[in-house]
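J.: Sequence:
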Amino acid sequence: MIELRRCVRLVINPPGAGGDAGAPDFSGSNGFGGTPPARGLARYYEFEVTCRGEADAATGYLINIKDVDRAVRATVGPRVFEACRDEPWTEPASMLPGLAESLASALPVRLARLRWRVTPTYSVEIEMDSDRETGDVVVLRQRFDFAAAHRLHDPAQSDEANRALFGKCNNPSGHGHNYQVEPAVEVSVRETGEGVGFTLANLERLTEAAVIEPFDHTHLNRDTEDFGPGGVNPSVEHMARVFFERLRSAMASDEGGRGARLRSVRVWETDRTSATYPG
48 MIELRRCVRL VINPPGAGGD AGAPDFSGSN GFGGTPPARG LARYYEFEVT
98 CRGEADAATG YLINIKDVDR AVRATVGPRV FEACRDEPWT EPASMLPGLA
148 ESLASALPVR LARLRWRVTP TYSVEIEMDS DRETGDVVVL RQRFDFAAAH
198 RLHDPAQSDE ANRALFGKCN NPSGHGHNYQ VEPAVEVSVR ETGEGVGFTL
248 ANLERLTEAA VIEPFDHTHL NRDTEDFGPG GVNPSVEHMA RVFFERLRSA
298 MASDEGGRGA RLRSVRVWET DRTSATYPG
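Just so you know, this note's numbering puts 320 at position 273 of the sequence shown, and the rest follows in order with no gaps.
Because the hints were derived from the structure by calculation, they are not lab data.
We put the beta carbon where it would ideally sit given N, CA and C, even for glycine.
Accuracy of the hints is not assured; some may be wrong.
Computed Cβ-Cβ distance ranges for the label pairs, DEER-style [to be verified]:
1) G107 to G223: 41 to 49 angstroms
2) P155 to R90: 42 to 50 angstroms
3) R319 to Y108: 25 to 33 angstroms
4) G63 to E95: 40 to 48 angstroms
From just these sequences and the hints, can you work out the full model?
T.: This is the structure:
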């Protein structure tokens with residue numbers, strides 16, 4: 048079994064800016080930059096399509112990626128265009144099940160997942176079950192960033208052992224990182240597509256209060272209980288778990304968090320190192 052992932056970039060031009068208001072044109076040659084060419088105050092979206100199946104023995108293809116592009120432009124593009132034109136306040140999560148079902152019917156292989164990157168940091172994703180039907184659960188993801196200093200040190204070991212284990216990360220004065228945090232939250236979408244109870248606004252408010260505000264511009268070992276004396280070593284692995292537990296607790300105790308389930312939290316220490324809890 049093979050999974051093939053294809054990113055299709057769509058540009059939603061405003062009505063009257065190079066396209067008929069009732070029949071948007073998604074043709075164009077620059078698939079890397081998105082089609083059609085942007086005009087006026089255009090909107091740019093990315094749709095990450097994951098297909099699953101067996102590759103053809105002769106061609107090596109699971110599916111021709113051009114067929115994926117055409118299917119997205121034919122099924123997803125027009126519906127998103129209409130929503131942007133007629134109901135721009137629509138929550139992307141509420142549209143995703145319908146978009147995935149339409150796309151699945153247009154593909155000759157199984158659609159496993161559809162992820163809509165609404166912005167570079169905010170996305171909604173849905174998974175298909177084995178018989179191509181969607182459920183009513185959509186995963187919201189949003190990235191945040193904060194700056195903090197920390198020192199990796201195990202008090203049960205000698206100073207020499209700590210230096211050998213952690214290297215420069217054991218610097219007594221600490222060192223800093225520009226961290227990124229990405230919670231993934233499962234939300235229930237009504238079958239009617241009328242909306243969702245938990246939105247990006249809820250996620251941002253709760254994450255800011257539970258994670259960003261307490262740790263931003265701090266020395267984790269000295270300024271916080273979670274990683275200070277009696278706490279855990281502030282590795283990126285421990286940070287992912289601590290942030291997950293804090294955000295899960297905040298969601299459980301807040302009325303705005305009801306009806307949603309925190310699936311995971313991913314923390315980037317650098318662009319090359321990250322940890323996700325639960326993994």
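J.: Confirm or reject each hint.
T.: Now for the hints, and whether the structure bears them out:
no., hint, verdict
1, G107 to G223: 41 to 49 angstroms, "holds (47 angstroms)"
2, P155 to R90: 42 to 50 angstroms, "violated (29 angstroms)"
3, R319 to Y108: 25 to 33 angstroms, "holds (32 angstroms)"
4, G63 to E95: 40 to 48 angstroms, "violated (30 angstroms)"
When held up to the earlier numbered hints, the structure conflicts with 2 and 4 and fits the remainder.
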